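Chains A and B, in that order, give the protein sequences.
The opening residue of the first sequence carries number 1 in UniProt numbering; numbering runs sequentially from there.
The opening residue of the second sequence carries number 1 in UniProt numbering; numbering runs sequentially from there.
Among the hints, a few may not be true.
[Said to hold, decoys possible] Cross-link-like lysine-lysine pairs, in silico, DSSO-like; alpha carbons within 27 Å at most: (1) A:204 with B:386; (2) A:203 with B:94; (3) B:402 with A:207; (4) B:383 with A:202; (5) B:52 with A:202; (6) A:32 with A:49.
Since the hints were made in silico from the structure, they are not lab data.
Being a predicted model, the structure only gives us computed values, none of them experimental.
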Amino acid sequence: MAAPTRIAAFVTGLVCLATSALAESGDVEAGKRVFSKCQGCHQVGEEAKHRIGPHLNGLFGRRAASHDDFRYSKSFRRAGTGGLEWHAETLDTFLENPRSMASGTRMSFRGLKDAGDRANLIAYLRTFSDDPANIPEADPTARGTDHDLEPTILALKGDPEYGEYLSGECVTCHQASGAGNGIPSIILWPEEDFVVAMHAYKKKQRKHPVMQMVAGRLGDEEIAALAAYFGQLNE
Amino acid sequence: MKLNRRAFLGTTAAAAGTIAAPVVLADGHSKPRVIVVGGGAGGATAARYIAKDSKGEIDVTLIEPTRTYYTCFFSNLYLGGFKEVSDIGHTYGKLAASGVNVVHDWAVGVDRDARTVSLAGGASLPYDKLILSPGIDFVDGAVEGWDLSSQNAMPHAYKAGSQSELLKAQLVAMPEGGTFVMVAPPNPFRCPPGPYERVSMVAHFLKNNNPTAKIIVADPKPKFSKMALFQEGWANHYEGMVDWIGEDFGGGNVSVDPAAMTVSIDGEETKADVCNVIPAMKAGRIAELAGVTDGNWAPVNAADMSSKADPDIHVLGDASQQGDMPKSGFAANSQAKVCANAVRGALTESKVFPAKFSNTCWSLIAANDGVKVGATYEATPEKIAKIDGFISQTGETSDVRKATYEESEGWYTGITTDMLG
Chain A
1 MAAPTRIAAF VTGLVCLATS ALAESGDVEA GKRVFSKCQG CHQVGEEAKH RIGPHLNGLF
61 GRRAASHDDF RYSKSFRRAG TGGLEWHAET LDTFLENPRS MASGTRMSFR GLKDAGDRAN
121 LIAYLRTFSD DPANIPEADP TARGTDHDLE PTILALKGDP EYGEYLSGEC VTCHQASGAG
181 NGIPSIILWP EEDFVVAMHA YKKKQRKHPV MQMVAGRLGD EEIAALAAYF GQLNE
Chain B
1 MKLNRRAFLG TTAAAAGTIA APVVLADGHS KPRVIVVGGG AGGATAARYI AKDSKGEIDV
61 TLIEPTRTYY TCFFSNLYLG GFKEVSDIGH TYGKLAASGV NVVHDWAVGV DRDARTVSLA
121 GGASLPYDKL ILSPGIDFVD GAVEGWDLSS QNAMPHAYKA GSQSELLKAQ LVAMPEGGTF
181 VMVAPPNPFR CPPGPYERVS MVAHFLKNNN PTAKIIVADP KPKFSKMALF QEGWANHYEG
241 MVDWIGEDFG GGNVSVDPAA MTVSIDGEET KADVCNVIPA MKAGRIAELA GVTDGNWAPV
301 NAADMSSKAD PDIHVLGDAS QQGDMPKSGF AANSQAKVCA NAVRGALTES KVFPAKFSNT
361 CWSLIAANDG VKVGATYEAT PEKIAKIDGF ISQTGETSDV RKATYEESEG WYTGITTDML
421 G
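Looking at chain A on its own, in the form it has when it is part of the complex (with noise of 0.2 Å):
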């Protein structure tokens, strides 16, 4: 069922070469490889969830931060109540500079900068989006965050309060309002997300020297803690 919407899509390519469509001119294959830059915080395909980003199943022709089950920055809210829609255009343009389009986005990510890296990932999601039912089974793209975890560290949950006053020291660096320049956002994240993040600075996993330096601190209530915490944190 796939293989042809795929071929359809790359044929549609060829034909739109010409008229610099740029998301239908993407090679979708280099696109799945681009899109490793995103999966730590998007998915995608069949099985895909929200996740510290919401899964990007559909996204062509959808108004922007339109799922009611993901909580979006209000600067995203603010720009899809203005009518952002997500077409190859809007995407292009998103994509280079993501703060362009919604300055107080929570999506740390600094953009691409290269034109055909862009066509190339836009192709590869164009694919997710007519019917996303039309994704086999075998062939998944999604991918699932790394949980080596003991499902009990997982189950723990933590004190907001305690986390609360832990997060003094998180603060200080990154913005409690969610704002982000040169370092990330870390509001909002589900709090199994935060918790597989801190555990992977802890066990050095992750490299950022600052990080492991903080987590490698950090008790696995602790860790809890600030997950319930920024978890819930408004903007």
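Put chain B on the given structure of chain A with help from the hints.
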């Protein structure tokens, strides 16, 4: 009675660390009152956190003479041309709007028995807890020939603002091929990498505007913070421009003549076109006036930053003598949160959590060439003790250095927002 009570409380606080004795509010008023002196990284953060977290249960007054606060952090980037002076200036309006009573005046005295702070404007304000975060002043006679009356001829630029602008103006006006001399301070001092980041930023400016100019640094120390990183950067970006004269070569044997604009280093006289004198430092004067200093600094208990001389006074940041943390804005901000939590716990029924401290200091060596050093700390009965740390490595890729610089910009926005709202 008063002496006994003080002695008793002092012992208890020192022994128990975090457990505060029940507070008897001054002159029977209902709401506890906290006065914070000094609106920098320590004081502004403490005021904001106490006001924010006590949700109106505590009256917080911040006493700060200046209406615009210029951050010392990033003031070197202004000298280098990477920031405008307006980028490092901040007002206290948001702090006032968030419930802190901001008083622009000088605190000129503390009556510890009456628990009042007197202001230059004549007022006397009562407190239940006093937080002193006055930053630094300079030790008299630290550099022979220099005193505050010479700071226009030979600026220190180690309290940001007009002094930074003066030093920048002198740098811009330097004659072609001129000489910039820095007299560096002895330990301990505010911002350990600060003088060397400044050398880097001055070198950056001169390389682009006055490439035959020279920089001489007279340093009373044998080594300094991030030394290998700075020296690598100076060799890479500013080859032959920087002459660092350390203790071994007489860098501590210095006198200046501000009228003649000469500097004598180990007996050899040099004519300076710009001379940046950074004298030895001590706690801001109000700490001494309050009687909480011992020597140049104010000793504190690590668990809550309370003064070892008075349990109702806390001392934050550069002015405090706490142990292993460097005197930095990041450290003061970190200490302020521990202090705010302890003060709130002592004055209301809020939970007191164990102290945790951390610090990271970023420095810029050249465009997009950022480095950092950091550590975590814990409170022990003796001091704030270092647990773990890291430092940027020599030979890092330009991508890593660029990311480090971008991170420092994110941190700047983060900490100024955390301090001032």
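Okay, the hints, checked on the actual structure:
At roughly 20 Å between alpha-carbon atoms, residue 204 of chain A and residue 386 of chain B fall within 27 Å of each other, so this suggested pair holds. Between residue 203 of chain A and residue 94 of chain B the CA atoms are separated by roughly 40 Å; this puts the pair beyond 27 Å, and the hint is violated. For a cut-off of 27 Å, the pair hint linking residue 402 of chain B to residue 207 of chain A stands: about 16 Å separates their Cα positions. A C-alpha spacing of about 26 Å is found between residue 383 of chain B and residue 202 of chain A, which places the hinted pair at or below 27 Å, so the restraint holds.
Using a Cα cut-off of 27 Å, the hinted pair residue 52 of chain B and residue 202 of chain A is violated, with the two alpha carbons roughly 31 Å apart. As the CA atoms of residue 32 of chain A and residue 49 of chain A are separated by approximately 18 Å, the hinted pair is consistent with the 27 Å bound.
When held up to the earlier numbered hints, the structure conflicts with 2, 5 and fits the remainder.
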